[in-house]
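Protein chains: 2
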Amino acid sequence: METIIDQYEKIVDYEYIHNLYEISKPLCHKSIVHINSTIYGGGVAEILNDLIIIMNELGIKTEWHQIKGSIEFFQTTKKLHNTLQGEETELTDHEKRVYLDNNRKNSIYNHVEDTDCVIIHDPQPLSLIQFYEKRQPWIWRCHIDISNKFNPTWKFLKNFIHRYDGIVVSMEKYKQKLNLPQYIINPSINPFNNKNRMLNQTEIESLLNDFNIPNNKPIISQISRFDKWKDPLGVIRAFKIIKKEFDCRLVLLGNMAQDDPEGFEIYNKILQYVKDDPDINIITAENSLLVNALQRVSKVVIQKSLREGFGLTVTEALWKGTPVIGGDVGGIPLQIIDGETGYLVNNIEECANRVLKLLKNPNLAEDMGKKGKEYVKEHFLMLRHLEDYVKILKKYVINYKI
Amino acid sequence: METIIDQYEKIVDYEYIHNLYEISKPLCHKSIVHINSTIYGGGVAEILNDLIIIMNELGIKTEWHQIKGSIEFFQTTKKLHNTLQGEETELTDHEKRVYLDNNRKNSIYNHVEDTDCVIIHDPQPLSLIQFYEKRQPWIWRCHIDISNKFNPTWKFLKNFIHRYDGIVVSMEKYKQKLNLPQYIINPSINPFNNKNRMLNQTEIESLLNDFNIPNNKPIISQISRFDKWKDPLGVIRAFKIIKKEFDCRLVLLGNMAQDDPEGFEIYNKILQYVKDDPDINIITAENSLLVNALQRVSKVVIQKSLREGFGLTVTEALWKGTPVIGGDVGGIPLQIIDGETGYLVNNIEECANRVLKLLKNPNLAEDMGKKGKEYVKEHFLMLRHLEDYVKILKKYVINYKI
Chain U
1 METIIDQYEK IVDYEYIHNL YEISKPLCHK SIVHINSTIY GGGVAEILND
51 LIIIMNELGI KTEWHQIKGS IEFFQTTKKL HNTLQGEETE LTDHEKRVYL
101 DNNRKNSIYN HVEDTDCVII HDPQPLSLIQ FYEKRQPWIW RCHIDISNKF
151 NPTWKFLKNF IHRYDGIVVS MEKYKQKLNL PQYIINPSIN PFNNKNRMLN
201 QTEIESLLND FNIPNNKPII SQISRFDKWK DPLGVIRAFK IIKKEFDCRL
251 VLLGNMAQDD PEGFEIYNKI LQYVKDDPDI NIITAENSLL VNALQRVSKV
301 VIQKSLREGF GLTVTEALWK GTPVIGGDVG GIPLQIIDGE TGYLVNNIEE
351 CANRVLKLLK NPNLAEDMGK KGKEYVKEHF LMLRHLEDYV KILKKYVINY
401 KI
Chain Y
1 METIIDQYEK IVDYEYIHNL YEISKPLCHK SIVHINSTIY GGGVAEILND
51 LIIIMNELGI KTEWHQIKGS IEFFQTTKKL HNTLQGEETE LTDHEKRVYL
101 DNNRKNSIYN HVEDTDCVII HDPQPLSLIQ FYEKRQPWIW RCHIDISNKF
151 NPTWKFLKNF IHRYDGIVVS MEKYKQKLNL PQYIINPSIN PFNNKNRMLN
201 QTEIESLLND FNIPNNKPII SQISRFDKWK DPLGVIRAFK IIKKEFDCRL
251 VLLGNMAQDD PEGFEIYNKI LQYVKDDPDI NIITAENSLL VNALQRVSKV
301 VIQKSLREGF GLTVTEALWK GTPVIGGDVG GIPLQIIDGE TGYLVNNIEE
351 CANRVLKLLK NPNLAEDMGK KGKEYVKEHF LMLRHLEDYV KILKKYVINY
401 KI
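Chains as they are written, first to last, in the numbering used here: chain U, 1 to 402; chain Y, 1 to 402.
Keep in mind that the hints were calculated from the coordinates and are not lab data.
Note that this is a predicted model, so its numbers are computed, not measured.
Each hint should be verified, as a subset may be incorrect.
Since copy identity is lost for identical chains, a pair holds within one copy or between any two.
[Said to hold, decoys possible] List of simulated lysine-lysine pairs, DSS-like, C-alpha gap at most 27 Å:
hint : residue 1 : residue 2
1    : Lys105    : Lys134
2    : Lys217    : Lys30
3    : Lys134    : Lys61
4    : Lys96     : Lys391
5    : Lys96     : Lys357
6    : Lys61     : Lys401
7    : Lys370    : Lys155
8    : Lys158    : Lys394
9    : Lys401    : Lys177
10   : Lys195    : Lys96
Working from the sequences, and respecting the hints, build out all of it.
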């Protein structure tokens, strides 16, 4: 049976994998448990699924538990989540009780007594810690952008956060004022799943065909939720400038959060604005293979965000050797080195100019694409993510004293 | 914090609880893990939730794991489930691979090495066993009616079943030809959840009011899915006979399985048949408190099934001191002792006669209701369920040799 590490050997040096085994040795047979919640954050679960398997492949005895809860509990934690992202609604006392009581119940059948380290993901299971006699390091891994957190929620959660031994966030600017060690682990992509695995030309053509995307002229694309912060209308305006000088096709592929009425509004605006331009394709679909194909076939990928978390769509496109033009916000400048792996832009004109430059200079585009792919390989693939974990775990698990 | 056992002390003798502690002592600090799958069988998860908490309250170190899976995996296990209930569709080789591969993956991060006993629920995680070096007893707890199982599926699953140390089914007739110890654990109800907890008269009235059920004449009801095997049309015919002699109201409360086109057909037939009879209320709702209120307010509860699993709606109604008239099928005769806790019937006339007898003799009805409640208390509450588990676990966990 091929392991994930076996698959990796096809894309990285053996030296690198050997080193990973070496640095993991002190953790061999130590037991770690990851605890998250199923309901929200499919992306987190997707990453965890692979990470936890590789950790086991390295000999770290890694368990994965998911907390259970009533509908009311998950409604409450959704609210918690939203307020950590900046929404200003206070949790009622009843909601706080629901949150705590549900975690208390979960503590009854999640036995962590004999575990060497507990890693808690996101706020749903955060308060678990207060229902145990603490015998090992506990780490809180927060995947959310908490740079605009709503303070009353934070104050409530700090009661639990202070009991932890360390916290991990995704970017420097998510760090908080806390007397606790704080670490950064950037997100990563899995190069072997459907969104990122190799596709051959036949597969690509057939996917474009299935979604009625003609491949008769150079394609540029933005693959992103229909959300004002992703500025899809700005992308269309840039495209109209580009078209005056260079004949090409724009594809906007996105989905809408079901509970987001703004999404529909923006989607309708886009349709009105585009009217029946035969060179613009607007597609709403959730299809990992189509994302993959589109990122591969595009001459340039745009991610013209006005606000951004990390921007994994940038990572994905760079991984395919496609140069990316992105807004200079959030995690995008961590990935796009301006003029090297793509361009950072601050307005529509800049965006149009940079796209034109790449369309007119295919060699430059190819060169940038190659550099981008190398950059992602070095910094944003799953094994690097794993390496970060191993380094942090070693600090805590070896010689931990209660 | 009130434990579930604390709650029980209000309804059973202290002697009984003391005995439960006594028989559990040899299991104290033994570790047990239950593994089930989330997606199907909400009922199983509901029972497990409480059982696992009480097992921990008794000092048995009980873990609860749920296997994770791709959408394809859960489609495959749904098919597995349906074929175990009699549907005749063979699993393709691809589906078998999906099933096995998903369980293999789950075995990577479910570490059971140091556990004293593994209990696997239903077919989804059944094949897990072949991915471990077996170091402890494994028990398969099958909650499904497998008396009409499709043989090719059974043959496939037997590869894994044979590796187990024992299997537990819900009724005598679900036992299989196997050279393995087989045990029976009847289902049970939780007397403290919303479906079964005490309701006062004001709560009952307000629930009836919310669902527009007039309480102006004696109510009889059937609470059951709209499914031909529950014979809702037979109940309505019986009601029409009853009405000639005794003025009363019939309430049919049910829901429809979303993937069951037959359900809609039957529902429409019922509506046509009932037309606008003001004394018949047809209600489709999923509301545990309404079920509770209706079972309490009814003079007689009917469960005129033509085919039945165990029939937990009978248990629930009996628990409320309401006499039940049920079809003589499945698990119903285990609960209704004819002429004692209700009546068993085989046709519409019998059904009508028995209902009339109880409506005309409220003292008899009350007496039967009391006996029914006692019978459920003795046989079908959660603590009995727990006791059965403890007895089986003791056979396996104490002095187990690999």
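Each hint tested on the structure:
With identical chains, the CA atoms of Lys105 and Lys134 are at most 27 Å apart within one copy only, with a shortest distance of 17 Å there and 30 Å across copies. Proximity of Lys217 and Lys30 under a CA criterion of 27 Å is satisfied in neither setting, with 55 Å inside one chain copy and 68 Å between copies. In this assembly of identical chains, the alpha carbons of Lys134 and Lys61 lie at most 27 Å apart whether taken from the same copy (20 Å) or from different copies (17 Å). In the homo-oligomer, the alpha carbons of Lys96 and Lys391 never lie at most 27 Å apart, since the shortest distance is 35 Å inside one protomer and 39 Å across protomers.
Taking identical chains as interchangeable, the C-alpha atoms of Lys96 and Lys357 are never at most 27 Å apart, the minima being 54 Å within one chain and 52 Å between chains. Taking CA atoms no more than 27 Å apart as the test, Lys61 paired with Lys401 passes in both settings, with 20 Å inside one copy and 25 Å between copies. In this assembly of identical chains, Lys370 and Lys155 lie within 27 Å of each other by CA distance neither inside one copy nor across copies; the values are 46 Å within and 53 Å between. Within a single copy, Lys158 and Lys394 get their C-alpha atoms as close as 25 Å, which meets the 27 Å cut-off; across copies the closest is 44 Å, which misses it.
For a Cα distance limit of 27 Å, the shortest separation of Lys401 from Lys177 inside one copy, 25 Å, qualifies, whereas the shortest one across copies, 55 Å, does not. Taking the shortest alpha-carbon separations for Lys195 and Lys96, only the inter-copy value of 25 Å comes in at or below 27 Å, while the best intra-copy value is 38 Å.
In terms of the numbered hints stated before, the structure departs from hints 2, 4, 5 and 7, listed from lowest to highest.
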